[in-house]
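> These are the residues of each chain, in order.
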Amino acid sequence: MSDRNNIVRVSGVTKDFDLGKIVVKVLKGIDLEIEAGKYISIMGPSGSGKSTLFNMIGGLDKPTSGKVFIDEVDIAQLDAYELAWLRCRKIGYIFQTFNLIPVMTALENITIPMTFAGVPADDANKRGMELLSQVGLDGRHSHRPSELSGGQQQRVAVARALANSPSIILADEPTGNLDLTTGEDIIALLKNMSIERGVTVISATHDYKMLNVSDQVIWIRDGRIDKIQERDELDIRTGGLESAH
Amino acid sequence: MSRLVALPLSKSFQMAYQSIRVRFFRSLVTTMSLVLAVAFLTFIQTGNDTASGLLSSGEESVERSLTKAGYDINPVTKTIASSAKQRWIVFLSLLTCVVGIINAQLMSVTERFREIGTLKCLGALDRFIVRIFVIEATIQGLAGGFLGALLGGLMGLLSTFLKFGFSTIAYIPWSTVGMTMFYTMCTGTILSLIGVLYPAIVASRMQPIEAMRVEQ
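These protein sequences, in sequence, are chains A and B.
Residues in the first sequence are numbered consecutively from 1, following the working numbering.
Residues in the second sequence are numbered consecutively from 1, following the working numbering.
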């Protein structure tokens, strides 16, 4: 095993979807190691298998063959309780559609994962308020999602993802439903949290704004890894993009 | 290391209560079918109870007017039993009610797919989801059962007074009527629980990946 501290390791993963008459090979053998504390973007066109790979890393889907390790634990070996525990404590999810619970206030939304983790209500509320102020939503704790803007909802979602101090944050197109500046704010927030807390952020995205903050970009094409670019290689590329405008 | 996820009962109650309060209209529609079914059941039972009370007064005229009103008096024991026709109609109304509840709860599950998926992504176990739905159904069942029993009981008494006059108030077997109302309320709650069982299992089996779906 390598010396690097790999939080996620994907080895020889393939995924087939059986559609009855035809079998679609979505992933055709992916090998990947993700270092702890990095900000990773998974990029690729629609239908490239990007989302499928992303879901596997998050323990939301199981590979047809190959293995996915989170913290060197093979997730295929986990039972329902252990998977729930993993989702609760190790992984924070951020969704394109925010996915706050509509009947709950901002604070209650943030405290659900802590309740599941067995944190006493008072401690959970206290930490919830701290998280709210860290994402810049002081005084909004009693607002329902419907009373918040898209950007504010996504901030609540970021705070919720951080509630149990997970090792990994999985963000599925976190800026997909946000306008340009709000999207940039959310990206900056995620990047800050990643630096301050040493959380590994893995996001699947189409958004080129993400490239600027990524430590590593994994390009997926046609079910395989097309290329993996480190930050220093990226700067040249994004510089090129910027100058092209 | 204990790898456990938990949802305290008080928190489940809070979540169920909030869900009912915020989606009050939907809950009301579900509960209304229950209210009506329980009210009908209570109405029939209370009618029989009061008629039995009147019969036990032993007056000849009462027995005649009861027969005239359509009650089946057992000629040997001189008691009033619910007729086969009554039982059949009550059974059908309860059956319709349960089917209605299943339908409404399945709609509610579909509506909340993303919410359930999200809860699962946050670490909820299948049984947390079942528990929330069951608590919601219990609250709805108790509320609907209570209202239905009250409504049906009042209507039953009122119809007795209208048919046989207010003088019959002396012969009303209050404790029997009370017990009937209690039983019908329990029946309502049980119906609500039967109705939610299948939808709750459908909800709990949902995969967390559903939360990721964009279209809805």
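Hints listed in this document are in silico derivations from the structure and should not be mistaken for laboratory results.
Do not take every clue at face value.
[Claimed, not checked] According to the in silico footprint, chain A covers these stretches of chain B (three or more CB under 8 Å from chain A):
#1 71-79
#2 135-149
#3 206-213
[Unchecked claim] Below, computed lysine to any residue pairings styled on SDA-like, alpha-carbon distance capped at 25 Å:
#4 K62(A) <-> E210(B)
#5 K11(B) <-> K67(A)
#6 K11(B) <-> D122(A)
#7 K11(B) <-> A121(A)
#8 K126(A) <-> G139(A)
#9 K90(A) <-> L66(B)
#10 K67(A) <-> V202(B)
#11 K126(A) <-> L4(B)
#12 K25(A) <-> L4(B)
#13 K11(B) <-> S142(A)
#14 K11(B) <-> M104(A)
#15 K163(B) <-> R127(A)
#16 K90(A) <-> A6(B)
#17 K62(A) <-> R205(B)
#18 K11(B) <-> K25(A)
#19 K28(A) <-> L4(B)
#20 K11(B) <-> Y81(A)
#21 K67(A) <-> I209(B)
#22 K62(A) <-> I209(B)
#23 K62(A) <-> K11(B)
#24 K90(A) <-> K11(B)
#25 K25(A) <-> Q207(B)
#26 K11(B) <-> V119(A)
#27 K126(A) <-> A6(B)
#28 K90(A) <-> E210(B)
#29 K62(A) <-> R213(B)
#30 K11(B) <-> E130(A)
#31 K191(A) <-> F113(B)
#32 K90(A) <-> I209(B)
#33 K67(A) <-> I201(B)
#34 K11(B) <-> K28(A)
#35 K11(B) <-> T182(A)
#36 K11(B) <-> Q229(A)
#37 K85(B) <-> D215(A)
#38 K62(A) <-> I201(B)
#39 K11(B) <-> L148(A)
Being a predicted model, the structure only gives us computed values, none of them experimental.
Positions of the beta carbon are idealized from the N, C-alpha and C atoms, including for glycine.
> Take the hints in turn and mark each one as holding or not.
For each hint, the structure was consulted:
no., hint, in the structure
1, 71-79, "violated (count 0)"
2, 135-149, "violated (count 0)"
3, 206-213, "holds (count 5)"
4, K62(A) <-> E210(B), "holds, 14 Å"
5, K11(B) <-> K67(A), "violated, 37 Å"
6, K11(B) <-> D122(A), "holds, 13 Å"
7, K11(B) <-> A121(A), "holds, 9 Å"
8, K126(A) <-> G139(A), "holds, 13 Å"
9, K90(A) <-> L66(B), "violated, 72 Å"
10, K67(A) <-> V202(B), "violated, 29 Å"
11, K126(A) <-> L4(B), "holds, 22 Å"
12, K25(A) <-> L4(B), "violated, 36 Å"
13, K11(B) <-> S142(A), "holds, 17 Å"
14, K11(B) <-> M104(A), "holds, 12 Å"
15, K163(B) <-> R127(A), "violated, 66 Å"
16, K90(A) <-> A6(B), "holds, 16 Å"
17, K62(A) <-> R205(B), "holds, 16 Å"
18, K11(B) <-> K25(A), "violated, 43 Å"
19, K28(A) <-> L4(B), "violated, 35 Å"
20, K11(B) <-> Y81(A), "holds, 20 Å"
21, K67(A) <-> I209(B), "holds, 19 Å"
22, K62(A) <-> I209(B), "holds, 11 Å"
23, K62(A) <-> K11(B), "violated, 31 Å"
24, K90(A) <-> K11(B), "holds, 22 Å"
25, K25(A) <-> Q207(B), "holds, 22 Å"
26, K11(B) <-> V119(A), "holds, 12 Å"
27, K126(A) <-> A6(B), "holds, 19 Å"
28, K90(A) <-> E210(B), "holds, 20 Å"
29, K62(A) <-> R213(B), "holds, 17 Å"
30, K11(B) <-> E130(A), "holds, 21 Å"
31, K191(A) <-> F113(B), "violated, 30 Å"
32, K90(A) <-> I209(B), "holds, 17 Å"
33, K67(A) <-> I201(B), "violated, 30 Å"
34, K11(B) <-> K28(A), "violated, 44 Å"
35, K11(B) <-> T182(A), "violated, 33 Å"
36, K11(B) <-> Q229(A), "violated, 46 Å"
37, K85(B) <-> D215(A), "violated, 77 Å"
38, K62(A) <-> I201(B), "holds, 22 Å"
39, K11(B) <-> L148(A), "holds, 24 Å"
When each numbered hint is compared with the structure, violations occur for hints 1, 2, 5, 9, 10, 12, 15, 18, 19, 23, 31, 33, 34, 35, 36 and 37.
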